[in-house]
Amino acid sequence: MSSKAKPFIPLEEGKRRELMPSLKEIRLASIRRPVSQAIGTLLIVGFLIFIVGPLVVLLTWAFAKEWFYPALIPQAWTWSWWRIVLTTSHLGHSILLSFIFAPVVTTLSALICLPAAYAFARYSFPGRRWFMVSLFAANAFPKMGLYMSMAGLLFAFNLMGTFWGVVIVQLISTLVIMTWIPSAAFRSVPRELEEAARDVGARPWQVFWRVTLPIAWPGILVGLILGFLASLDEAQGTFLVGIPNYITMPVQMYTLVGHYPQQAAAVFAIILTLPSVILLLLVRRYIVGGTLAAGFRIR
Amino acid sequence: MRQKPWVGLLMSSGPMIVMIVFIGLPIVLAVAYSLGDVLGLNRAIAAVAQHQVIVKHGLTLKVYRDLWANAGIRADIGATLWVTVVAVAVVLVIAYAVSLYLRFNHNRLAKVLSAIYLIPLFIPVVIASYALVTFWNAGGFVDALMAHLGSQGFPGLSYTLTGVVIAQVWVNLPFAILMLSSGLTAVPDSLIEASRDVGSTFLRSIVRIVLPLNILPTVIVLTFTGIGILGSFTIPYLMGPTAPQMLGVATTTYYQAFNEPQQAQALAVLTFVLAAGIGVIYVWANVQANRREGIS
Chain V
1 MSSKAKPFIP LEEGKRRELM PSLKEIRLAS IRRPVSQAIG TLLIVGFLIF
51 IVGPLVVLLT WAFAKEWFYP ALIPQAWTWS WWRIVLTTSH LGHSILLSFI
101 FAPVVTTLSA LICLPAAYAF ARYSFPGRRW FMVSLFAANA FPKMGLYMSM
151 AGLLFAFNLM GTFWGVVIVQ LISTLVIMTW IPSAAFRSVP RELEEAARDV
201 GARPWQVFWR VTLPIAWPGI LVGLILGFLA SLDEAQGTFL VGIPNYITMP
251 VQMYTLVGHY PQQAAAVFAI ILTLPSVILL LLVRRYIVGG TLAAGFRIR
Chain F
1 MRQKPWVGLL MSSGPMIVMI VFIGLPIVLA VAYSLGDVLG LNRAIAAVAQ
51 HQVIVKHGLT LKVYRDLWAN AGIRADIGAT LWVTVVAVAV VLVIAYAVSL
101 YLRFNHNRLA KVLSAIYLIP LFIPVVIASY ALVTFWNAGG FVDALMAHLG
151 SQGFPGLSYT LTGVVIAQVW VNLPFAILML SSGLTAVPDS LIEASRDVGS
201 TFLRSIVRIV LPLNILPTVI VLTFTGIGIL GSFTIPYLMG PTAPQMLGVA
251 TTTYYQAFNE PQQAQALAVL TFVLAAGIGV IYVWANVQAN RREGIS
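Residue numbers (the working numbering), protein chains in the order written: chain V, 1 to 299; chain F, 1 to 296.
Please keep in mind that the hints were generated in silico from the structure rather than gathered at the bench. Glycine included, each C-beta is placed from N, C-alpha and C at the ideal position. Take the hints with a grain of salt, since some may be wrong.
[Said to hold, decoys possible] Which stretches of chain F does chain V cover? Using the computed rule of at least three CB atoms under 8 Å from a CB of chain V, they are:
(1) 25 to 33
(2) 211 to 223
(3) 262 to 274
[As the list claims (entries may be wrong)] Looking from chain V toward chain F, a few residues come up when the C-beta cut is under 7 Å (computed):
(4) Ala-110
(5) Leu-159
(6) Met-160
Using the sequences and the hints, build the whole thing.
Right under this line is the structure:
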């Protein structure tokens with residue numbers, strides 16, 4: 001029950017007794033409460049193991065020399081898999097390649113999408129909402145089907161197996177993120193602030209640069225980082241278009257899973273995950289603060 | 001809203017052009033190809049394909065009819081729908097439990113919880129699937145843990161549809177909790193307290209007051225998670241059984257292993273139609289919410 005005082009309303013005797021907890025009920029509640037709390041705690045601990053467990057095990061594999069069932073920790077430890085993965089040249093090459101593609105794709109995507117994000121937030125034009133929805137609808141088409149048909153198109157443009165072919169294929173999986181989330185951020189900038197700046201004589205670009213952009217920045221940053229990660233993690237399209245010249249990290253990961261020792265895959269997985277973890281930690285508070293959630297509302 | 005609609009149109013044309021050329025056009029080509037059209041830009045893909053259905057004039061549904069006659073494909077469709085429905089339901093239940101707990105508790109456990117639930121968002125899907133396969137596999141960590149606790153014969157959930165559901169839930173939880181949490185934050189404390197004051201139990205005030213105010217976030221979670229799972233490839237590819245497959249995997253198998261791109265495209269179109277059905281709910285919920293808030 002809430003601890004706040006309630007307004008006093010006179011009740012007839014029977015009703016009053018009905019509302020007052022009996023001694024038995026109080027005793028029951030005093031037992032029930034710790035029990036339900038214990039169950040709650042247990043469920044949460046279970047949830048935490050469900051989420052973290054697989055990652056802890058993966059991390060452990062990267063340092064395992066021997067780990068046989070049913071031991072819960074490896075029998076012997078080693079660092080050697082890190083050296084093996086980092087010095088195997090085609091693996092190192094994939095890492096490098098991934099970090100060339102992702103910035104290029106992110107930059108290009110930002111140049112294309114951010115003006116649109118601003119327009120969706122600030123201009124009223126025919127088909128505005130329809131555009132936003134169709135952007136999302138287009139993404140609901142299964143990627144594999146899309147890449148199959150795109151292959152024909154890329155052949156026609158002579159882009160199959162080329163750098164820019166891969167860029168385009170990765171670009172299309174960033175479009176929604178890079179438009180929707182920054183657009184919500186631009187929309188959240190109070191118009192009165194922009195108008196006030198204009199009233200004291202700021203030019204339009206000054207208003208944008210000094211007022212709009214700083215306030216919308218968290219949302220734009222979240223968009224940029226999620227776009228970067230979408231590009232970094234894209235495997236299916238990159239495989240179809242880029243092979244055999246451009247084998248990026250996630251594409252490599254598919255081969256590693258089946259064909260290399262567990263430890264090599266684990267080490268490679270950690271290297272592939274590190275940038276995501278670092279980048280997302282940077283924007284964690286914005287994401288939790290609702291910046292991401294705001295992007296999924298069509299207005 | 002500012003005037004000058006043509007400025008807005010011009011600024012938003014970037015992603016629209018990219019979308020129309022590299023997503024819209026391929027979708028049209030895919031649909032046409034699956035209906036028997038092998039001309040134009042479909043010529044390249046059709047040149048090397050096997051078991052094609054070609055029509056001289058008009059279009060045909062023969063590809064779809066043949067696929068439907070295939071019991072394997074029907075099992076794949078069934079598996080896809082089963083995984084999608086079960087995973088979405090589980091995600092919704094767990095996400096609601098977690099976000100309600102976070103909304104009404106501020107103890108140390110809640111702090112740990114709010115730091116941890118976001119983690120899967122940080123992990124590339126390939127890595128997540130791989131980690132989950134190792135964790136849930138027969139001979140994996142859960143198996144070992146069970147053996148230590150005295151329960152032998154854990155079957156291993158990797159390479160089963162249950163395993164696929166587990167992985168889908170793992171991957172989709174952060175987004176769901178984020179959406180629901182940010183929706184729940186918007187429900188004012190005073191409203192909940194008021195309902196408690198007039199004698200509602202906690203559960204009742206949640207069902208009667210909190211949930212109705214949180215419909216849009218719930219629909220967003222439902223639809224985005226549903227569409228994501230429906231078309232997913234990586235998770236069922238790494239975690240799922242050889243048969244039945246989810247449609248995302250079946251599409252790839254038909255294209256790469258069987259060299260039947262036309263059938264593969266038909267499966268992709270089928271997935272898209274199912275996804276579009278879910279998408280309609282999303283758009284409808286947004287329209288309703290905008291109407292309630294007086295945005296035309």
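To see whether the hints hold, each was checked on the structure:
Under a criterion of three residues with beta carbons nearer than 8 Å to beta carbons of chain V, the stated coverage of the region 25 to 33 of chain F is upheld, 6 such residues being counted. Counting residues of the region 211 to 223 of chain F whose C-beta sits closer than 8 Å to any C-beta of chain V gives 3, which meets the bar of three, so the coverage hint holds. Here the region 262 to 274 of chain F counts 7 residues with a CB under 8 Å from a CB of chain V, which clears the bar of 3, and the coverage holds. Proximity of Ala-110 (chain V) to chain F is violated relative to the hint, the smallest CB-CB distance being about 10 Å (cut-off 7 Å).
At about 10 Å, the closest approach between the beta carbon of Leu-159 (chain V) and any beta carbon in chain F exceeds 7 Å, and the interface hint on this residue is violated. Residue-level restraint check for Met-160 (chain V) is violated (minimum Cβ-Cβ distance to chain F is 10 Å; threshold 7 Å).
In summary, the structure is inconsistent with hints 4, 5 and 6 from the numbered list given earlier, while agreeing with the others.
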